[in-house]
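Colleague: Chain order of the listed sequences is A and B. Per the numbering used here, the first sequence starts with residue -5, numbered consecutively. Per the numbering used here, the second sequence starts with residue 4, numbered consecutively.
Just so you know, these hints were derived from the structure itself, not from any lab. Heads up, the beta-carbon is just placed ideally off N, CA and C, and yes, glycines get one too.
With a Cα cut of at most 27 Å, we get these calculated DSSO-like pairs of lysine-lysine:
#1 LYS13/A to LYS155/B
#2 LYS68/A to LYS101/A
#3 LYS32/A to LYS125/B
#4 LYS155/B to LYS28/A
Simulated coverage check for chain A against chain B, where a stretch passes if three residues somewhere in it have a Cβ under 8 Å from a Cβ of chain B:
#5 15 to 22
#6 26 to 34
#7 51 to 60
#8 63 to 69
Far from chain A, by Cβ distances over 12 Å, these chain B residues were calculated:
#9 ALA19
#10 VAL39
#11 GLU42
#12 THR135
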Amino acid sequence: MASLSNKIRQYVEAEVDFKKDVLLQDDRIAGVSKPYIKEWNLDIAKPTDAQLDALEDEANAKEALNTILNNRRKAYPTIADQLDDIYHNGIDGWKATIKLTKDKYPK
Amino acid sequence: MSKIEVDKVDPQSGTALEIGTSGDTITVPTGAGLTVVDEVKTNKISPATGVAFALGDSGDTFTIPSGATIVNSGTATGFGGGTNTPAFEAYVAASTTALPDNTAQKIEFDTEVYDTDGCYDKDTNYRFTPTTAGKYFVYSYLYLDSNADNMKEIGARIYKNGAEENRMLINFDSGYGEGGSAITFSTIDFNGSSDYVEIYGIVDTVDNNDAEIYGDSSDRYTVFGAYRIIT
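Whenever a hint applies, use it, and build me the whole structure from the sequences.
Modeller: Structure below.
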């Protein structure tokens, strides 16, 4: 199930400041997690539950993509190692190194 | 001789003057005052009658000089001291809660270390409602864990009566954290009846996945506590 934050990003079609523009809260009443919009400070209208539910697939796809990008980020060599790679093996050698990670975590 | 009327008694010789002998009682009766302008040395001061003894009058100042020590073996009242209660501390005993991305979630501290007056609800609402009015020091630290190197920010917030009282935040910038402790604390006034506080945690993950509120039954990673401040 997609996170409420990501559904809102999809609805707004932009990055959202969740410290000012939109505040989400989960009071866990009776031990049940049910995140909701506590404050909506954007100019566009606050979405209904139905509008957010309609963005479930889109938000799930975005989360899957973000997971891939995060996995790649963690797997890439450090910038220092990449510069060393370019120095010793040239751009083609460096691209081959980077491709290993991209192939390991395909989009 | 039953009565001597003089204006002054001085030593017959030298500078020492002694009044009475061991076992004697020297009495200054009610209504008569005894004024000693300089130093009085004695080993004990006791009430003349009854058990109450007053030292000085309103507005007087008594100074204990540097290097002197007061030892109290009895009961001291009215000095501004006392016990820092009600007080409690509780922690999360197991990592069971998924913390959604960018959502302030109430933390369920389910195990008490102590709760002096039974003011903390560890079973249902996870809130501290002290029954004595006053200022309290409220604190919490939350170990938030992702196991994915995906945290951009973590935070802990104190909520009073359902409204955010303060927020503290750790920003990992582009380093992205795998786990860390968000800490918050504040001094808060309570009315001693309906006022309560709760703790909320928040995390911003780069991949928008949930984080974990880390709990442990032996080590206290995620803790909420408060105690009354003596003012």
